[in-house]
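Taken in sequence, the protein lines are chains A and B. The opening residue of the first sequence carries number 1167 in our numbering; numbering runs sequentially from there. The opening residue of the second sequence carries number 571 in our numbering; numbering runs sequentially from there.
Derived from the structure by calculation, the hints contain no laboratory data. Note that beta-carbon positions come from the ideal geometry of N, C-alpha and C, so glycine has one too. Some clues are possibly wrong.
[Stated by the list, open to error] Covered stretches of chain B, as calculated for chain A (at least 3 residues, CB under 8 angstroms):
#: 1; stretch: 595-608
#: 2; stretch: 627-633
#: 3; stretch: 742-752
#: 4; stretch: 756-763
#: 5; stretch: 784-791
[As the list claims (entries may be wrong)] Non-contacting residues of chain B with respect to chain A, defined by C-beta distances greater than 10 angstroms in every case (computed):
#: 6; residue: Gly577
#: 7; residue: Gly616
#: 8; residue: Asp637
#: 9; residue: Asp689
#: 10; residue: Val695
#: 11; residue: Ala730
#: 12; residue: Ala739
#: 13; residue: Glu796
#: 14; residue: Gly815
#: 15; residue: Gln825
#: 16; residue: Leu834
#: 17; residue: Ser841
#: 18; residue: Asp872
Residues per chain, in single letters:
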Amino acid sequence: MRIVVCVKHVPDLQSERSLDDAGHLVRGEDDVLNELDENAVEAAVTLAEETGGEVVALTAGPEDAVDALRRALQMGADAAVHVTDERVAGSDVVGTARVLAAAVRKIGEDAPVDLVVTGMASMDGLTAMLPSALAASLELPQLTLASEVTVAGRELTVTRTIGDADEVQAAELPLVLSVTDQANEPRYPSFPAIRAAKGKPVTTWDLDDLTLATAGAEADGGPEVGASGAGTAVVTAAPRPPRAAGRIITDSGDAGTELAEFLLANAPG
Amino acid sequence: MAEQLSGTVLVVADHAGSALSGPSTEVLTLARSLTAGPVAAVALTGEPDTAALGRFGAGTVYVPDLDGLSPTVAAVAAEAVLAAVAQARPEAVLLVSSFAGKEIAARLAVALGSGAIVDATGVSVADGTLVVAKTVLQGTWDTTCVVTRGVPVVAVKPTAVTAAELPDAGPAEPVAVPVEFSQAARAVRVVSRTEHPGGGRAPLSEAKVVVVGGRGVAGDFSLVEELADLLGGAVGATRVATDEGWIDHAAQIGQTGVTISPRLYVGVGVSGAIHHTAGMQSAETVVVVNNDADAPIFEMADLGVVGDATEVLPQAIAELRRRRG
Ligand SMILES: Cc1cc2nc3c(=O)[nH]c(=O)nc-3n(C[C@H](O)[C@H](O)[C@H](O)COP(=O)(O)OP(=O)(O)OC[C@H]3O[C@@H](n4cnc5c(N)ncnc54)[C@H](O)[C@@H]3O)c2cc1C
């Protein structure tokens, strides 16, 4: 099975994160591989091991986003593709999906791509929209938010828990798969794996290397990517005032009574 | 009167069984405030709740012909909504910001060549454009956003709006919509579907009170459940508690679980990891019981009790019972 796994380099969740004047996330200070993409890489590598295939890690992002690809290579991806171009900066999720879709198509020129895997969301935007936008851009079936994945021949079966129901869905390859953090336990790269990753190929493309999908945007005549091509814009952004300090009491035998009083006073209805 | 749009606002109306869902009644209420024109709905079920749709302001309900396909498949739902969009020609499309709603929103934005904003906490109109309020970076920043081209698609968080009925409204008028489904939509097969028993409590994302148990409950959710029932609330959990199998995974609050914005959050034996607080930071009042005074969740607490849950909760429960007679 030939698998492309999409990964993203995002600011560390534990770091002080902020937005710039254009409402774009400030990047490049404390960035790491998006935690939820570790599950995507693990799923891709496991499926490739099971079916005797190959994994190409793909990212679109600035120069240092190559670190996210390095991590994917250490976790077992065979090769990596880095789409980096200043014209991509400021893209919204639809623009990003268009860039990734164009890159997947180009990767597919060598040999067909059977499966595109992503994490369920990126920890920066947390919109969870990219996997669906990517599937729509590629016009492929989507099996998203999978907490379990199995493969039999050309058919992939997933379990997804949405709202108050578990659903089992299946489709034939090629398709787009997104996995949740329940899907697996990401491996920790061994020293030999880290050493081996250094020798694996990383290809760099810019937008001129890609043929971007024209769906939707062409009608408007606008660019398909970047801030001017984005369908959404941030108008104002401000850090939230911290919550006012509350009352802290230490139990010396009657805190439960005080708690009950507070709950009675503050419970709605 | 605040500024309004003049065209149709189309709401994707979710149903729970045969009834219009609570979050959908909220989005319909919001839609009414945004336009002086009609509010229409699109239903992903063959038998929409036309009475409730009418009461919450939908004049028309578009009913796409799903041709036996499952609306739980994202592409099926999105293509059905797109067919209704083609017929209704709305000025905006609003959805519920659930995982399913976000998937549909993403596909609509791609197909319409527009943009989608999800997790909206408020929507208004300024200079003829929808202005969307949204909190980002795990609750640390407030933003306002706009869709800059095409039909805006906005998914609104449950409980962001208070639902209100229209007096004397008749049922919504159903209009059948034919749909041409793509191969990619038809390719996904639903093998099985199992609904979780709700246990008679309010759905988590809609609940006004949520009592959450973390690792600190050490496997025993009975006190958490008792307190939730006394307060008429729902039971939530941290990932540790669901991973340990103490409670169903559907109860997980946070980044990769359910997002809640209750009026009252009670966290019992919860440390307050950012993965968890991301899903509850918009709670109005936060109450914490934890035996470690240094747990980060105390920084969010309106009332924090430093103490052992197995001692504090039984006392609180007894007192609540006594006071309520
Ligand atoms: C990719 C990813 C996604 C994640 N998504 C989520 C998510 O969506 N939701 C989520 O919740 N977590 C999520 N997590 C996990 C998260 O990082 C934390 O590990 C988790 O929230 C901690 O749960 P906890 O507070 O129950 O446990 P702990 O952090 O272990 O805290 C338990 C607390 O209970 C207190 N305690 C112990 N005994 C008692 C007692 N007798 N009485 C009172 N207090 C007591 C302790 O002092 C401690 O503060 C995610 C992690 C990752 C890596």
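> Taking C-beta pairs only, is Gly815 (chain B) more than 10 angstroms away from all of chain A?
Replying inline: holds, 12 angstroms
>> According to the definition I'm using, a residue is off the interface if its beta carbon is farther than 10 angstroms from all beta carbons of the partner; does Ala730 (chain B) meet that for chain A?
In response: holds, 16 angstroms
>> Just to make sure I understand the rule, a stretch counts as covered if three or more of its residues have a C-beta closer than 8 angstroms to a C-beta of the chain. Does the stretch 627-633 of chain B meet that for chain A?
In response: violated (count 0)
> Checking the smallest CB distance to chain A, is Asp637 (chain B) really beyond 10 angstroms?
Replying inline: Since the minimum Cβ distance to chain A is about 16 angstroms, Asp637 (chain B) lies beyond 10 angstroms and the statement holds.
> Residue count check for the stretch 595-608 of chain B against chain A: does it reach three with CB-CB under 8 angstroms?
Replying inline: violated (count 0)
>> If I take the minimum Cβ distance from Ala739 (chain B) to any residue of chain A, is it greater than 10 angstroms?
In response: holds, 25 angstroms
> Would Glu796 (chain B) pass as off the interface with chain A, using Cβ distances and a cut of 10 angstroms?
Replying inline: holds, 12 angstroms
> Looking at Asp689 (chain B) again, its CB stays over 10 angstroms from all of chain A?
Replying inline: violated, 7 angstroms
> Is it the case that Gln825 (chain B) keeps its Cβ farther than 10 angstroms from each residue Cβ in chain A?
Replying inline: violated, 7 angstroms
> Taking the closest pair, is the beta carbon of Gly616 (chain B) still more than 10 angstroms from chain A?
Replying inline: holds, 19 angstroms
> Taking C-beta pairs only, is Ser841 (chain B) more than 10 angstroms away from all of chain A?
Replying inline: About 14 angstroms separates Ser841 (chain B) from the closest Cβ of chain A, which puts it past 10 angstroms; holds.
>> Using C-beta distances, would you say chain A covers the stretch 742-752 of chain B, given that this needs three or more residues below 8 angstroms?
In response: violated (count 1)
When held up to the earlier numbered hints, the structure conflicts with 1, 2, 3, 5, 9, 15, 16 and 18 and fits the remainder.
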